[in-house]
Structures are given as C-alpha cells and as structure tokens.
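> Next come the chains, spelled out residue by residue.
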Amino acid sequence: MLDQLGLLIAQTILISIPLILAALGGVFSERAGVVNIALEGVLLTGAFAAAVIGHASGSFVVGILGGVGAGMLVSLIHVALAVGAGVNQIVSGLAINLLVAGATEYGSKSYWPANASRSIPEIPYYRWSGIELVDTLSGRPLVLITALTIVVVTFVLGRTVLGLRIHAVGESPQACETRGLSVMGLRALAVVTSGALAGLGGAWLAFNVGQFQHGMSAGKGYIAMAAVVFGRWRPLGATLACLVFGGSEALAAALERWHVPVPSELVSTLPYVLTIVAMAGFVGRARPPAALGVAHQRA
Amino acid sequence: MRAALNELLVLIVAVLLSLGVGAILIALRGHDPFMVYGVWFGEALGSAGGRSQVIFKTTTLIFTALASALAFRGGMFNIGAEGQIYLGAFCAAALVFVLPASTPGFVAVTAAFFAALSGGAVAALIPAVLKVRRHTHEVITTMMMNFILLSVVNYFLRFARESAEVVRTPPIPAAWRVLRFERGYDGNTVVLLAIVLALFITWFLRRTRAGYAIRAIGSSPGAAELGGIATGRVTLGVLVASGAVAGLGGLNFVLGSPGYFEQHFAPFQGYLGIAVALLARNHPFGIVPAAFLFAVLAEGGQAIQEWAPPELGTILQAITVVFVVLGAELFARWEKRRLAHA
Amino acid sequence: MTNAGSANAIEMRGVTKRYPRVIANQDASLSVRRGEIHAVVGENGAGKSTLMKVLAGVTRPDEGVVEVGGKAYQKYTPEEAAHRGVGMVFQHFVLVPTLTVAENVVLGHEPRKGVVFDRARAESDVLALSRRFGLEVDPSAPVETCSIGVQQRVEILKVLARGAEVLILDEPTAILTPAEVDELLAVLRRLAGEGKTIVLITHKLREVMAVAERITIMRAGRTVTTVEVKSTTQDAVAELMVGRPPKHEQRPPARPRGPAVLEVKGLVARSDRGPVAVHGIDLVVHAGEIVGIAGIEGNGQTELIECITGLRAPQAGTVRIAGTDVTSSDVATRLKLGMAHVPEDRHRRGVVLDFSIEENVILGAPPDRYARMGVLDRGRMRTETLALVKAHDVRPPDPDARMSALSGGNQQKVVIGRELGRSPRLIIAAHPTRGLDLGAMEHVDSSLVQARANDVAVLLVSAELSELLAIADRIVVLYGGRVAGEVDLRSATADERTLGAMMAGKTA
Chain A
1 MLDQLGLLIA QTILISIPLI LAALGGVFSE RAGVVNIALE GVLLTGAFAA AVIGHASGSF
61 VVGILGGVGA GMLVSLIHVA LAVGAGVNQI VSGLAINLLV AGATEYGSKS YWPANASRSI
121 PEIPYYRWSG IELVDTLSGR PLVLITALTI VVVTFVLGRT VLGLRIHAVG ESPQACETRG
181 LSVMGLRALA VVTSGALAGL GGAWLAFNVG QFQHGMSAGK GYIAMAAVVF GRWRPLGATL
241 ACLVFGGSEA LAAALERWHV PVPSELVSTL PYVLTIVAMA GFVGRARPPA ALGVAHQRA
Chain B
300 MRAALNELLV LIVAVLLSLG VGAILIALRG HDPFMVYGVW FGEALGSAGG RSQVIFKTTT
360 LIFTALASAL AFRGGMFNIG AEGQIYLGAF CAAALVFVLP ASTPGFVAVT AAFFAALSGG
420 AVAALIPAVL KVRRHTHEVI TTMMMNFILL SVVNYFLRFA RESAEVVRTP PIPAAWRVLR
480 FERGYDGNTV VLLAIVLALF ITWFLRRTRA GYAIRAIGSS PGAAELGGIA TGRVTLGVLV
540 ASGAVAGLGG LNFVLGSPGY FEQHFAPFQG YLGIAVALLA RNHPFGIVPA AFLFAVLAEG
600 GQAIQEWAPP ELGTILQAIT VVFVVLGAEL FARWEKRRLA HA
Chain C
642 MTNAGSANAI EMRGVTKRYP RVIANQDASL SVRRGEIHAV VGENGAGKST LMKVLAGVTR
702 PDEGVVEVGG KAYQKYTPEE AAHRGVGMVF QHFVLVPTLT VAENVVLGHE PRKGVVFDRA
762 RAESDVLALS RRFGLEVDPS APVETCSIGV QQRVEILKVL ARGAEVLILD EPTAILTPAE
822 VDELLAVLRR LAGEGKTIVL ITHKLREVMA VAERITIMRA GRTVTTVEVK STTQDAVAEL
882 MVGRPPKHEQ RPPARPRGPA VLEVKGLVAR SDRGPVAVHG IDLVVHAGEI VGIAGIEGNG
942 QTELIECITG LRAPQAGTVR IAGTDVTSSD VATRLKLGMA HVPEDRHRRG VVLDFSIEEN
1002 VILGAPPDRY ARMGVLDRGR MRTETLALVK AHDVRPPDPD ARMSALSGGN QQKVVIGREL
1062 GRSPRLIIAA HPTRGLDLGA MEHVDSSLVQ ARANDVAVLL VSAELSELLA IADRIVVLYG
1122 GRVAGEVDLR SATADERTLG AMMAGKTA
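Chains as they are written, first to last, in the numbering used here: chain A, 1 to 299; chain B, 300 to 641; chain C, 642 to 1149.
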C-alpha cells in the first residue's frame, strides 16, 4: 500500500516536470506582459529537437541542450511577431503551434524513415535506495535540475534588478519607457527565457518516453498556462498547481493499474477537467499583470 | 476597397513566400521543386478526382473557420472547434439509432443538420457559461474541452459501434446519403451548405441588429454595454453559435463519405479552421477562398508523398498564416503612420 | 533684452511643429531664467503641451532651436533631455502601481549588490532625497496605496533623482485638492530656492499668479508675449490668452422648472478597489434645468454616475428615472425610459473607434428605431447620420468615415448629436468638454443649454467651475462621497472661492 502511494507520488513528480518547466517559463513571460500560448508548441519543439539531436549525437546531454536551444529559437518567432511587430499575442502563439505541429511531424518522418528505430539514449537513473520515491527525488538528474530551476526563477523574479524590471514592464510599460528601459528588450528576454525553460521541459518529455511521438505535448502547454493563473503568476504557486495537475494524470494511470472499474477514456480526462475547474474557481481573485496581452507601441 | 486590395496583396505575397520556403525544403531532399509542385497542383486542381477531394476538404475547413471567425468578431477565441466537430459529427451519425431506416432522405438530412448543430453547441456550452458567469478565459477552457470531448465521445462509441471489432457507427442508409460530385471520390454537396452558411453569416453580421451587437462587443465592450447591449447574453450566444457552426464540420463525412462516424475522422481540422479564419482576416465570405487554398495545399501534400512527407502541406499552411498575420499587422502600422504624417 | 547665455536655463526660438490637421506650434519661443518659476499658459489647443514635449525631447520640431544651459538639442530624445538636466512630470502619471515608492523612483538606475536589488539603499536614498526637498513620502509604500498628492511627489522625485535641474510640470494641479495645491506650490518655491528652474504649464491663472515670476502666454500655436507677474493682473493675462476681453458670459435666461426626472435617494456605492465611494447621496434633477456636479475627481462622482446610468450596482439607495425605480435595472431599460449619457471616457465607453460614424450613431437607440424584424434599415441610418453630421458640423462629414479618424472634438459632437437625437428626458454629461478645443467646448455647452430649453433634465459633471458657473442652474458640490454643499444660482450668487471651499471639505 505504502509503496503504491510512493509510486504515485514519484509518478506525479515525473509527469509534472514538463508542466513545471513550461509554467515557470509562462510566469516569466506573463510577468513581463506577454501571453505565451506557444508554450505548447515549444514543448513539442523541445521534445523533437532533443530526440533528433540525442539520437544523432548519442548523448543525452547534447540532446537536452538541443531541446533548450530549439525552444529558444522557436520562441524568437513569438518575439518577432508579438513583441516586435505587435501581432495579437494569442494569434501569434496559435500560428506558432500550428507551424510546430506540422514541422515536427515533417521532421520526424524525414529523419527517421518508416521502420527505423526511434529510440534515443536514456538519461541515467541512479537507483541507489531501492525505494521508488527516494530514487526519483535524488537519482534523476532532471528532477534535481528542475528543483534548481524553481529556486533560480524565484530568486531572479523576487530579488534581482532584472526581476524588478520585468515586474515593472508587465505592469506599466510606459513607466519603463520614461525611465529609459527597453520594453521590447525586456519582453524579448522574458519570452526567450520561457522558450528555454519549455524547451527543457519538452526534452524531458521525449527522454522520459524514450522517443518522439506525434503530438506528444498533448495540451501540457495549455495546462501550464492554467497553472500560471492558478498560481497567481508566482513561481512557487505555479509549481504547486502543476503538481496538482500532474498528480491527476498520475492518479488516472494509477486507477488503471489498480484495476479500478472506471472507463479508461473518462479517467484520462481528469487533468483537463481539473484545469477547467481550477480556472473557473480562481478568476477575479488574483490580478494579472496590468499590461498582460497588450501590444506595446513606442510613444 | 483599398483595404481589401491590400489584404489580397498581403495574402498573395504570403503564399508566394511559403511556396518559396517549400521549394527550399524540397530541394534539400534532393528533388526538383518545379516537378514536385507540378504534381502537387496538377493532382489537386488538374484531375477530377483531385478536385473532388479538394472540395471535400474545403467543406470542413469552411465550417471550422466560420466558427472561429464568428467568435473572433465577438471578441473571443474559440479554440475548441476540434472537439465541437467531433461531438457534432457523432450526434449526426448516431441518428442511425434514433430514426428508422425508412425515413425519407430529406427528413434525415435535416435531422442530421440539427443534430450536428446541437452537438457542437453543447460542446461549447461549458466554456461559454464559465466565460459569462466567472469571466474564465475561453482559450484554455475550449482547449481543454477538445481533449475531454475526444475521450468522452470515444467512450460513447463503445455503445454506438457497429460491432465489437469495428470501431465506428453503423453506416447510414443509402437513402440518406448526399450527392457526390465524382464517383469514387469524396467531394459532395454539403459544400453548398457551407458556402450558403458563409454568405448567411456575412449578411448576418453586417445587416442585422444581432450581428451589430456582436461586432460592437468585439470592438468595444465598454461602449456596447453603455449602448444597452446585453453583453452577457450576446457573449454566451456567440460562443455557443460558434460551437454549433463547428459541429457542422463533420456533416460531409457522416452524410457523404464514408457515411459513418469513426475515431479521428478529421484530425486537426479544428485547428486548421482557426488558421483559415486568420488568413481571411475573419471576413466570413473570404473564408471560402481561404479554405480552398488550404485544401489545395493539403491535398497536394498527399499526392507528393513519394518525394516528401505530407506534412509539408501543413508547414506551408502555417507559414502562409504567419506571413499573412505579420503582413497585416505591419500594414496596419504603416497606415497609421501614414495618416499621422499626411 | 537678451541676457548672457549662462543666465538663461532654457532658450527656445522659432519652434514650429505641424501635425496632419493642425499646426501645433508656429514660430513659438520661450526663454526661462535659471532658478525662476515660469508659467506657460494658454487655452486648450494653444500649443503649450506641444512646446513642452519638444523641450522634454519627446517630439522633434519641424523647425527651431532648443537650447538648454546654452547647448542646443541634437537628437530630441528623452535621454538627451534627461542628460541635459530636463525632467518632465506628466499630467497623467506613469508609475508602476504595484511597486513601492522607492522602486518607482530608482527604476532604471537601481542600486545593486551584484545582481541583487539593494532595496535598503534604494529606500534610504529616496528618503534622503525627499527630506532634502521637503517632499515627504514613505519609500516602502506601494504606489497604488498612495494619494494623488503623494503620487505626484513620487513623480517629482523620479525626475530629481536623475539630476534634473529643470523641471517641467504639465497641468499639475488639475487633480489636486486645494490643500494639496498649496503644498505643491510650497514645494515649487522651495525647489526654486535651491536653484532649480521650474516651468509650469497650466490654465489655472489664480495659481499662476500666486507662484510664478513670469508668464509666457500662448495662443493658436504662437507665443503672444511674456510678462512679469508683478506687473500684470489675472484679467489681463486671460485677455491675452483668449484674444479678447474675457466675456463674463450671459447666463441663460431663467426658466420655470418642470417635474423631477431623476431622483437619487440615499445612494451608497463602492468603488472598484473596494472602499465605499458614495456615502449616501440625495439628488434631484428637474425637467428644464441644468444641475452641475462639482468636486475634485475621485470624490465619488464617477461611481455616482455609474449607478445612475446602470453600469454599477449600488449597495443601498434608489435611483428613479421619470418616476420608475431603475435601481436594479439594466442599461437598456434606462435608455428606454429616456436616459442619455455622454460618458467621461469617450474612447472606451462613448464610441466604437473601429466603426464608422453611421454605425456609432445607432448605438444606444431603441431596438425598432433602426431595424425592422432584426434587420438593419440602412437607408434610415444613412439619412439620420447625414442630418446629424450637418447639424453639428462634424468633420469630415462622411458617414462612412471611421470614428478613429475623427478628432476628439468631432467625436464628441457625434456623441452629443446621437444622445440628444433620441429626444431624451434626461441627459447625463460627464466631463463632456475635457480635452476639447474652444470651439468644440462652446458647441457642447450650447447643445446642453439648448436641451434645457427643450425641457430636458441635464446633469453635468465638470471639473471646470467656470463652466458650471456659466450654464448651471444649481451646483452640487461633492466631497468625500457626500454632498458638501449646494448653491442655487437662480436665487444666490456664488463664486469660485466659496465653491472651492466646499470642494475642499469646508462645508458652508
């Protein structure tokens, strides 16, 4: 019984990692005033790039770096469209998601001919204690990296000068302009950072499954966005929200494992239903950054 | 007039740019772009069968794009067409269990129309109510509904399937099927319904009080409220109507070919509808040619699989959207600057 | 008489700036001595804001020279101006509401320990700066919790922290209570005493006479002249501003007033932020009278109007229009009862900028006026729009022209024409002349007087006492969400001083 619970918690953590990374990116980006719907596409891009580069290089480290880099590149499109040209941020995000969906499928079919093995090198897993939960928390490099990322993001946003400026540019870009700060520069930085984080999350997705699969982000980018709202645009709050959402997916899988007689299709909707419930219950309580979603024009 | 010409220019340039990118990708695979494009457009436009397939794909895209555009005009983002089309098509196909096989075709088709409409409307209901009551942003809720509906309908399919082995609804009686344009291919008369709907929505938005209310809320909700427009009711109505229109997107499958509902029968068409709407700058009537363009890109993509994966079509579609959206924005800014310094 | 360059902090010559529809500045000039308090006055549209924008480096002039401290501007950027020691405090504050006072002041030049923001030093620096210039602030308070007066001090500190020697203040007293105005003027005198040069843009002559040393008057884009305050009078300056002796306007003739059309009893309402903004107001407006609501912005006027028009639900009290209780009715019901409204925020509430003039004219109309069975009657829409455009001299007179292409004054004419065109029983006009040029202002005011002659009940909210004194029959002064005083101009005379006292909370 206890080891089932431990397994459940371990699974929750593993499933939540891409959510957390993407959500941290979302917090960064939205704090600066840019809605980043393209997180979904960036997750997918990160997964694809990590798979291809990992496969080609035979090294999981290079694969992960590839995922991060690809995430940053794709998010540059969002920077160009939404921050640079002033295209509606949601429209820009949707267009990128569309492009990524087609491009990753095209890419994977081109890189791996029909029957080739798609498997990619694994990330080492140091099972030293024999207890699943303990091993997950301490023996998986990416869990530790994610924990570190949470700390770093919280620190940067809360205590550094950069964090102060990002906060300012999301609340009042006009005020920043009068102080000589570059609104576009700050926002571009925030979006590219979110791309790096989501790219890392996508890389994890690919390595966890062992290969790149069509559409493997499965709405996680959108769930991450909901976690940002749920967590009131704070890194720790968003992380907790992701754990809740990830937990629901782990629970769904666990119910199957435990042969609970609930139809599998319905059980699999749990994370999505929970997201809707969370969104419906939490509006009006937290105030989003005042300039969120508003394209900025130089005076 | 000038604005429309400019938008057309932006579209043409965007298409050319995307074709250019496609040419580069084809060349990178070691093939001759002209030859491949020749097969691409030759197949899609040059053969009767290809044209029929293009018409078939255009039909679905018109419906999902109209749904998207209607919501956009009302100031909202309906990303849920993917799920709304799924539930709508299932409801239409499930009529096989409700109506006797001897029902005259005309009656059955009408019933299917309303069933699909209702299915799509119900699919959009939760996001719509949450938006009006709790101000929940519809982007995430409609997106989540896609995943939920996909699973839920697949669950319903357990009870509605033809047999244990065959995972689809039973085919509709021959008397219910709509006319096909070309034997052996899929294009059918539901496309006429789609075009009529596009015309109707164009007229509706411009010429009726309800359409005016929708546009006013989309442009300036504050002024609409002060003008006595019932913003809550209209918002709910638009999102539900948008879902209903998307629900129709599967009629050409259920009533035409293949004549039943099966899992993943129209993958991605909901999302593509959003792209088509963006391409047409949310003008309901412009959606018809924009959908046609996308259908040509998709159909041709199927035809060139010997040289490149069919997703090349998706890439070209996406790049076209990116350039159109970018071009329209840059153009609007340029216009503003021009007026300011005239 | 030219001083040696070192005595003049600012020298502007031959400044010309053209915009598409108007020449904002024509050969304008300004010279300001170091350490003086210099006012630039003029009516709305006289060109003073544009001239100041040039000085602040926000706008590049088409012709002319700007010299600060003897050196000419090259690039006309805010950075260049800041570099030369010019700092501008805008009329509409640009503060980050969720950040503290100190954070706002140091933003962009934050003290730091490595990458970490040195909050303690920022707060102590700001405290020291504020003490030095007598601008009391609490550095750790979030700006959104500060009063308007304090927020203005933060704006001034921002500019001083960057080493400004020249401070330009644009309409600084528009939103201050009389007590806050006095505090500000004292601060300005202290700053001038420390050697700072102050340029004050305003149209409030009384304050100018109280604090400035010299006044430059602008009219129609040109500099008329510069006078010494000691050797002139307020009336003389007003005459120079307008080009003719100030018309002490004829009040509209007395009229018998009709039945009560708007009755507000015991209204209590909260503001958006939460605290109660309206603490029990009673108000009656009769047919054929103009009731003015005076008071500094932020004393409950906005919430009161929103409750009357149906945009906000009150906590207590009733609102009746033409005898019917509409307290919980929606906007559409009130419109049907004959309510018309010219909102304060024209762009967000008054018009749909993306629509044409014609499509804006039908906004708020009863359902069957322009539509038959749900379908719009375009013919009727066109006829009536053309009539409105002609009657109110809207430019351009093209019904298909986009609202966003019209000037503010023309947009307001469309709004007034539309609202009055419904033959309402009651019209509520909130700050209808704000930001308009003189011609448009006169048009709006005369339309309201005309409505009064047609037995319409008019409720006018305005920050300009002169406007209310000119056309209102009764003036109700709001302070702190309550009625602080009322003056019936038909039976008593009142002047700005008594009303000003009421506005400051000193009840009669």
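What the hints contain is simulated information worked out from the structure, not anything from laboratory work.
Computed from a prediction, not measured in an experiment: that's the story for all the values here.
Do not take every clue at face value.
To be verified - Computed, partial: chain C to chain A, Cβ under 8 angstroms:
1) Tyr717
2) Glu720
3) Val735
4) Val737
5) Pro738
6) Leu740
7) Glu744
8) Arg753
9) Val756
10) Val757
11) Ala761
12) Ile816
13) Thr1024
14) Leu1079
15) Glu1083
Stated by the list, open to error - Which bits of chain B does chain A cover? Going by a derived footprint, with three or more residues having C-beta under 8 angstroms, they are:
16) 355–365
17) 431–439
18) 564–573
19) 598–611
Here a beta-carbon is modelled for each residue, glycine too, at the ideal position from N, C-alpha and C.
> For every hint, state whether the structure bears it out.
Structure-based check of each hint:
Checking tyrosine 717/C against chain A by beta carbon gives a least distance of about 13 angstroms; that is not within 8 angstroms, so the hint is violated. Below 8 angstroms, beta-carbon pairs count as interface contacts, and glutamate 720/C has one with chain A at about 6 angstroms; its hint therefore holds. For valine 735/C, the interface hint holds, since its Cβ comes within 8 angstroms of a Cβ in chain A; the closest pair sits about 4 angstroms apart. Below 8 angstroms, beta-carbon pairs count as interface contacts, and valine 737/C has one with chain A at about 4 angstroms; its hint therefore holds.
At a threshold of 8 angstroms, the smallest CB-CB gap from proline 738/C to chain A is about 6 angstroms, leaving the interface hint in force. With a least beta-carbon distance of about 6 angstroms to chain A, the hint placing leucine 740/C at the interface is held under the 8 angstroms criterion. With a least beta-carbon distance of about 6 angstroms to chain A, the hint placing glutamate 744/C at the interface is held under the 8 angstroms criterion. The beta carbon of arginine 753/C comes within 5 angstroms of a beta carbon in chain A, closer than 8 angstroms, and the hint placing it at the interface holds.
At about 5 angstroms, the closest approach between the beta carbon of valine 756/C and any beta carbon in chain A falls short of 8 angstroms, and the interface hint on this residue holds. Against a cut-off of 8 angstroms between C-beta atoms, the interface hint on valine 757/C holds, since the closest Cβ of chain A lies about 5 angstroms away. Checking alanine 761/C against chain A by beta carbon gives a least distance of about 12 angstroms; that is not within 8 angstroms, so the hint is violated. Given hint, isoleucine 816/C at the interface with chain A, is violated; its Cβ is 18 angstroms from that chain's nearest Cβ, farther than 8 angstroms.
For threonine 1024/C, the shortest C-beta to C-beta distance to chain A is roughly 37 angstroms, which exceeds 8 angstroms, and the interface hint is violated. Contact between leucine 1079/C and chain A, as hinted, is not supported at the beta carbon level, the nearest pair being about 27 angstroms apart and thus beyond 8 angstroms. The interface hint given for glutamate 1083/C is violated, since its Cβ lies 31 angstroms from the closest Cβ of chain A, which is over the 8 angstroms cut-off. Proximity of the stretch 355–365 of chain B to chain A, defined as three or more residues with a beta carbon under 8 angstroms from a beta carbon of that chain, is not established by the 0 residues found.
Counting residues of the stretch 431–439 of chain B whose CB lies closer than 8 angstroms to any CB of chain A gives 6, which reaches the minimum of 3, so the coverage claim holds. For the stretch 564–573 of chain B, the assignment as covered by chain A holds, since 4 residues bring a beta-carbon within under 8 angstroms of that chain's beta-carbons and 3 suffice. Check on the stretch 598–611 of chain B: 4 of its residues sit with their Cβ under 8 angstroms from a Cβ of chain A, so the three-residue criterion for coverage holds.
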